[in-house]
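Using the sequences and the hints, build the whole thing.
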Amino acid sequence: MRKYQSFRVFKEKISFLIDRKALAVVVLLLFVMAGVFIFSTGTGEMKISPINVVKVFFGGGTDMEQLVVQSFRLPRIIVSLMVGIGLAVAGGILQGIIRNPLASPDILGITGGASVAVVGFLAIFSDESNALTVSIQWLPVAAFAGATIIAFLVYFLSWKNGVSPIRLVLIGIGIYSLMKALTTLMMLLGPIYQASQANIWITGTVYGSNWSNVAILVPWILVLCIAAFILARNINIQELGDDIATGVGSNVQRYRFLLLMVSTALIGGSVAFAGGIGFVGLMAPHMARRLVGSSFGALLPASALIGGILVMIADLIGRTLFSPLEIPAGVFTASIGAPYFIYLLFKTRNG
Amino acid sequence: MLLKSNVQKWCGLLFAAILLLLLMCVSIVYGYTDTTWKMAVDAFTAFDGSNEHLIIQSVRLPRALIAAAVGASLAIAGVLLQTITKNPLAAPEIFGINAGAGFAVVVTVTLFSLSNLQIFTWISFLGAAVSFILVYIIGSIGRDGLTPMKLTLAGAAMSAMFASMTQGFLVINETALEQVLFWLAGSVAGRKLETLLSVLPYLIAGWGLALLISNKLNVLSMGEDVAKGLGLKTGMLKIWSGVIIVLLSGGAVAVAGPIAFIGIVIPHLTRAVVGIDHRWVIPFSALFGGILLLIADTASRFIIMPQEVPVGVMTAVIGTPFFVYIARKGFNK
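One line per chain: the protein sequences are A and B, in this order.
Take the first sequence: its letter number 145 is residue 145 in the numbering used here, and every next letter is one higher.
Take the second sequence: its letter number 18 is residue 18 in the numbering used here, and every next letter is one higher.
Check before you lean on any hint, since a few could be wrong.
If we take Cβ atoms under 10 Å as the criterion, some of the chain A residues that face chain B in the derived model are [what the hints assert, rightly or not]:
| hint | residue |
| --- | --- |
| 1 | Pro101 |
| 2 | Arg167 |
| 3 | Val169 |
| 4 | Ile175 |
| 5 | Leu188 |
| 6 | Leu189 |
| 7 | Ser196 |
| 8 | Ile200 |
| 9 | Thr203 |
| 10 | Trp211 |
| 11 | Ser212 |
| 12 | Leu282 |
| 13 | Met283 |
| 14 | Gly330 |
| 15 | Ala334 |
| 16 | Ser335 |
With a straight-line Cα cutoff of 30 Å, these simulated DSSO-like cross-link-like pairs (lysine-lysine) come out [unchecked claim]:
| hint | chain 1 | residue 1 | chain 2 | residue 2 |
| --- | --- | --- | --- | --- |
| 17 | B | Lys329 | B | Lys86 |
| 18 | B | Lys228 | B | Lys216 |
| 19 | B | Lys192 | B | Lys4 |
| 20 | A | Lys347 | B | Lys86 |
| 21 | B | Lys192 | B | Lys86 |
| 22 | B | Lys38 | A | Lys160 |
| 23 | B | Lys4 | B | Lys329 |
| 24 | B | Lys192 | B | Lys216 |
| 25 | B | Lys4 | B | Lys228 |
| 26 | B | Lys192 | B | Lys38 |
| 27 | A | Lys347 | B | Lys233 |
| 28 | A | Lys347 | A | Lys21 |
| 29 | B | Lys9 | B | Lys329 |
| 30 | B | Lys4 | A | Lys160 |
| 31 | B | Lys329 | A | Lys160 |
| 32 | B | Lys228 | A | Lys347 |
| 33 | B | Lys86 | B | Lys216 |
Since the hints were derived computationally from the structure, they do not count as laboratory data.
Beta carbons: idealized from backbone N, C-alpha and C, even for Gly.
Structure (structure tokens):
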């Protein structure tokens, strides 16, 4: 039997029902995340022992260690953590409101919109010698704009006396195919140099992240995650189906729109800085579901942590395993995530 | 549902078949090299060895046949997958078939520097088959056997894994990217008739088997428990469906590379036209799949002449607006 612990604040205005087992899993994941974070910071061209890494965090360590950790490694690791969290939470929300296990940021065309924007950006703002005519700093802006425009397009095309999940997902997949086609087309028409640059972006990489990225991304993701967590109970209700959700008094359309906006903002922010990292948004929520069950109050934090861990490990492998060659993190999210996922599928044995 | 009575459906089927043939002729006659209808007829009746006749016989004819066959196969594979997984999003590309084929081809190009279309055919067939069989096995692990949910998740996971490993190879190796980019976009151009003939037996077997099991699929679509209660051997049926899917989508990807969108969209379009009876859905979607791919392929020659747009791109460009329209209108009316 599971034990639940209720938690109420503000004269029972806000209340949560906490599943003790889920709480234990989340705490465990939190430790794993911290472990990976420290290990990843210490690993690379220059090895730093975990104890020294912690020392550097608190202002100790040698100057060299401070330089390496603070200017090279930390921004990138924080960005990968945030991106993983953002994509995983967004994926979890989408799977909840669409009620389809295949729903993910990619399948609604949102990531695809960002890809088109990026490939278009590279094509439009390049001169004859393939040099960019505007600063590369604008690339995240283009990606974010692409993702948002497509999300709104999908939403409005699916609107017909409200948005039904099935229409949302079908139109999403139509737009997704179109975006993919446009991306391929632009890559083929442009010079191969551009195709290869775009390909790296589409695969997803956190290479070259800096503190100003972190300063934008961290508040963005954290605020949205808190919003998602507060809205979590509405996802639970939506999972029951539109009729029941309406029957128990939830404003289905309003919350569907809100949730969709939250996940779009999460995806937009993540792809803006890390490109189209796949798999995390799709699989992290499923992994979390196998660990903590499918109540979103526990599911969202667990999948956020799993997503963050996945992307951090993927980036760690990408920058160390084939050093000095940099492999985009997006390559490894699936390669390490899929076997673990298949193991979970095998272990729990009840689909 | 557009066509209600059986008579209407037979007429519709006939009409679609005629349209398919007509589009094949159009595909043979129109293209970058100027040819006329008369030349096309002459090329088969009174072959004189001129350039135009050669092009019609050795370039355009195989292309039209391949487009029709590949379109039909992908559409049927999509119908089967959507039925056995009970998921409207299911399609060959989501179950790792295209990703497996793509991975096999990219590995061959990078490790053995082979870039011959004929070799790609068998490599990709192999890749597609191995990856789908893997998905199937992973989906059937456990006490409860093959459940739609597990199959879907296993497919999505394997597909993501193969796709990202392909991306990894391509990021490291830029020359390979250049060689396989066109293959990865999917195309029916530049394939020889022999390529089609070598996989045609598998495709025909797939089409025939799909028609044979169509009435059983109707039972299955009522739900696993009901189907079992009615005496259907659901396990057997799923295995047969799996075999057919491998034959059809493996063969298609072997000839034309990964062409997305047809497998997912055509089944929905077809159901909007003829309803949910698989005995009709399967033949209709085969014809519709062929028609869409033929239109896309013919159009792809004219967009950026003298270059060609990959047909995988065109299917999405043509199909999406149509699909969005149907999705808005509602599938069940």
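Where does the structure disagree with the numbered hints, that is, which hint numbers, in rising order? Violated hints: 10, 11, 19, 21, 22, 24; rest satisfied.
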